[in-house]
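Q: The chain contents come next:
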Amino acid sequence: MLSAPDVTQVLEAFWRGSLGTSSALISGTLVRAVPLMLVGVGTAIAFRAGVFNIGGEGQLLMGGVAATVVGLQWAHALGPGAVVASLIAGAVAGAAWAGIAGILRSRFGVLEVITTIMLNFVAANLVSYAVRGPLQEPTHIYPQTETIAPNARLPLLMSETRLHVGIIVALVIAVSAWWMMTRTAVGFRMRAVGTSPTAARSSGRVDVAAVSMTALMLSGALAGLAGGIEVTGVTYALYENLSPGYGFSAIAVAILARLNPVAVIATAVFFATLETGALGMQRDAGVPSVVATALEAVVILVVIGIAGGSWERVARTRDVAAAHD
Amino acid sequence: MSPQRMTDTAAFLEASVRTATPLLIAATGEVVTERAGVINIGLEGCVIAGAYTAFVTGVSGAATGYLAALASGALVGLTLAVFVSMLRRDQIIVGTALTLLALGVTGALFRARVGAPVVVPTDAVITIPLLSAIPVLGAALFAQPGITYAALALVVATSWWLYRTHAGLALRAVGESPDAARAAGIRVTFVQGTAIVFGSALGGLAGGALVLAQTGTFAEGMSAGRGFLAIAIVALGRWRPYGVLLAGFVFGIAMAFQFAVQSLGWHIRYELVLMIPYLLTLVALAAFRRGDAPAMLGRGEDA
Amino acid sequence: MSAALVAEAPSALELRGINKRFGDVVALADAELVVRRGTVHAVLGENGAGKSTLMRIAFGLERADSGRILIDGATMHGGSVQESARAGVGMVHQHLSLVGNFTIAENLELGGHGRFSPAATRERLSRLSEESGLRVPFDAMVRDLSIVEQQRLEILKALSLGARVLILDEPTAVLAPTDVSELLAWIRAFVSSGGTVVLVTHKLREALAVADEVTVLRRGRVVLSAAAGATDETRLAASIFSDAAPTLSPPSTFSATSTTAAVFEAADVSVIDAGGVTRVHSANVIVRRGEILGVAAVDGSGHRELLQVMAALRRPDRGVVRGASRIAFIPADRARDAIIGEFTLTENVALHGLGARRGVMPWTSLMAHTAGLITRFGVVASSAKAQMRTLSGGNQQRVVVARELAHEVDLVVADNPTRGLDLKATTFVHEQLRRAARNGAGVVVHSSDLDEVLALATRVVVVFHGAVLDAPLDRDAIGKAMLGATAA
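Chains as they are written, first to last, in numbering that gives the first Met the number 0: chain B, 0 to 324; chain A, 0 to 302; chain W, 0 to 487.
Some hints here could point you the wrong way.
Unchecked claim - Restraint-style ranges between C-beta atoms, simulated for each label pair:
| # | chain 1 | residue 1 | chain 2 | residue 2 | range |
| --- | --- | --- | --- | --- | --- |
| 1 | W | 81 | A | 126 | 45 to 55 Å |
| 2 | A | 241 | W | 121 | 16 to 26 Å |
| 3 | A | 294 | W | 81 | 17 to 27 Å |
| 4 | A | 59 | B | 138 | 47 to 57 Å |
No wet-lab data here; the hints were simulated from the structure. Glycine included, C-beta positions come from ideal geometry on N, C-alpha and C.
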């Protein structure tokens, strides 16, 4: 059991690890918020469209793999365009990985919840294989790739910190996603399909399967982009533990934001704070950091418990959407 | 077949059955849950919760470990039942949250146990005389831990209960047409909630079997998707206990393949072999459409 | 039973001073109903008058806020299906409550206890079927039964639980005319052998033909209770509708000639469903400007698929279709296909043509357009920003009709456009459909209620077993054709 001084010590460790120092805030928390924001926005879009993409983790990893391959193999040939090419490759890989689940859903009526989870495991094993097999660094000692060329790396936003321009990308995408969902025909179609696929089809003449597929692949693209940004902006190489579960945390991020992409900005920073704070607690006070995962789950349950209303409808209509191909 | 080959095959089959046991237990529970119209995405959480509980309590004997594992799964299931059957919240989101919660809590508790023993005695193998001596298949079928025999009995009992009792009939009606069930005086919320708790408790037991009959230790995230695989096995088994029995063994073989690869000295990367069960799931789900699925599966009751 | 005997018979079911509210809505106010043993008692009333609620309370599916329920003179606690079933009350619901993926035996046994033996159930079923004269194919899955067979099974189910008082909630709504007379004959036979029937209906003719006594509900109150012989259609109609019975406007008189331009043309069209069953078979249909084509059919005849082809929501599997591009579609299932309850009225209006829309949503002009529709079509709603689900069913349907008919259209396809609406809303929808035809659109209407088809149509086709046949504007001839009898 923790005694009173311990509690103070733990909270101090949390504070120092997350927000208490400018380096913890900028190089720790904000850097960590970037992937949460991107995958969170993608998850929010998919859920709004009635597509339960639980595969952000796998899509992020595949994006990381693709970005690494571009950064390692073609950085020289691409010159100044290498970063952008890496990020595009990441987004495309993420979209394609999600697209597998999309095809299984539209062609065979398989619940995307199960397929995206299975694809997470496949992706994790693929990364393990890649960093021990074809992509392993030349000495063949460490399970990781060589570092990518400097011209394939994202520029830093502030010197002397680890904060890279990826955060600008994430912010712009969050706001754009909000604009898309509320102001454009594409976004309204997704909301309509997510709330009532039958009405969207019969009264709006909407191609429900196509809209679901678009939403799923878009969310996959954002997760893949997040993976690309992690490689080009943070790790500069592919590791097995490229993602400490960003894909899962992002579900909590999206739900706490009530699937509003702009609110995702705040909830992503909130969960990043939780996670870096928990790491600080582990480092300085010996409290296991996985506590943060449990805390995220509790947040989901509390939010769903209190503000359930709109969620029921999403669940109810989901299968109908899967049934129409 | 050469004697060496026969021994290898026998060992492989024995490992397959042993590996299939947790999957079979979890999937049998999930058949009951899904027949009541609910997909339990929290099943993975039940498995890890059961695994951890069995790991902690298993020192006092396998029976204690199994009971504690059942109880921890039931606790996760009770939470799911309250949210899904009573509060009518989305079963997928709540299930996902519970899986994350269980993974996080067990991980934290495990790391906090620095210095505590990391091994638990495993459940003894019960060898049935004569039958276990049958070449190739003997060990696979008649020299297994007690929990394997219990799992087989569970399949038989569940099938009988679903198709030959009024309670089973009522449960299936809830998953097909809650309105019709209600009109027949069946308490839909209660039946569905009970089905969730039952399936989750078996998910916990599956985790217990994983620790007490297979690994003898705990590792963070050791459920490794077994709860999700069980959901896939249910679909592959056409939502019937005997179908699940068959599908469970197919998956057991796929998972035991990693041991075979090592012992056969094949040059296939380990990571690629580990992918097989997950890829198999994807292929199996695509190949077998949801034709026989309970009509209300995954939908929230008022659809 | 003679009127005198009826009055003397002891009561089988008594509902006394029943009150029930749903939120702010009063569903029943001091409702009284006395059903005597060995009689048929018809309960009449408009949609929403409280008939179904009263019956659900009698059967224990709902609990009354206050009031007493007596079965064979014994007071019930209420609110429990088991209790009323034990007391001998059974109910056959308007929407049949059978499990499609179950066998007949499994359906029959639903709600029982202990072991379940399909063989024993089958035996009991065949005995029961023999005694009651209700025949069903024992070994079929329920989803493969016809509506009539499903209804028989529902009645058998109630009888097998020992029901002596049967509540039949609008049992004829889903039946074809000859099946209706068969059912009514069965009801008379059942009461003459000592049973009791409460028949909920909105069809006066039926009620007077079969009932010993009638009770009329209006807005949750009993406004008339009398022996059937002591009243007539006019008086019943007057008490069902508070004022003098409003009549539907007279049939349209326009008659399209072959020279009028076609807005839809199907040549040799076939539709095959996912299960490989041919739903529409080599159909030839033309819809011309200015006409209202009535489509008459009993459930499951393939007319639904035909309407989907007309509305361009489904491509035929064979044959050629030529149709206008400006199509208005009013689907049968409003909550499912026409509206999104949690969206605003503006968003619901914006669904129109959403599939083909590009770029930015013009929300400001859409809101103004919706506000205009609210005024023009007399929708009762706080504003264009109101959530659709806050509106009453009638007003939701007004929004749907407004959305679909506000633009110039060439073809209107309406499937049961007035289902569940009260008379005022029904009249409104009918007016709008007629106006669309007058303005030059071709209008196609299907209704489960043949009288509604006849009231609207300038020409009628019958769909039977996937075949589309021309029919004269004659009620009897159409009724026969709907059942596949060749018109003599």
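Q: So which of those numbered hints doesn't the model satisfy?
A: none
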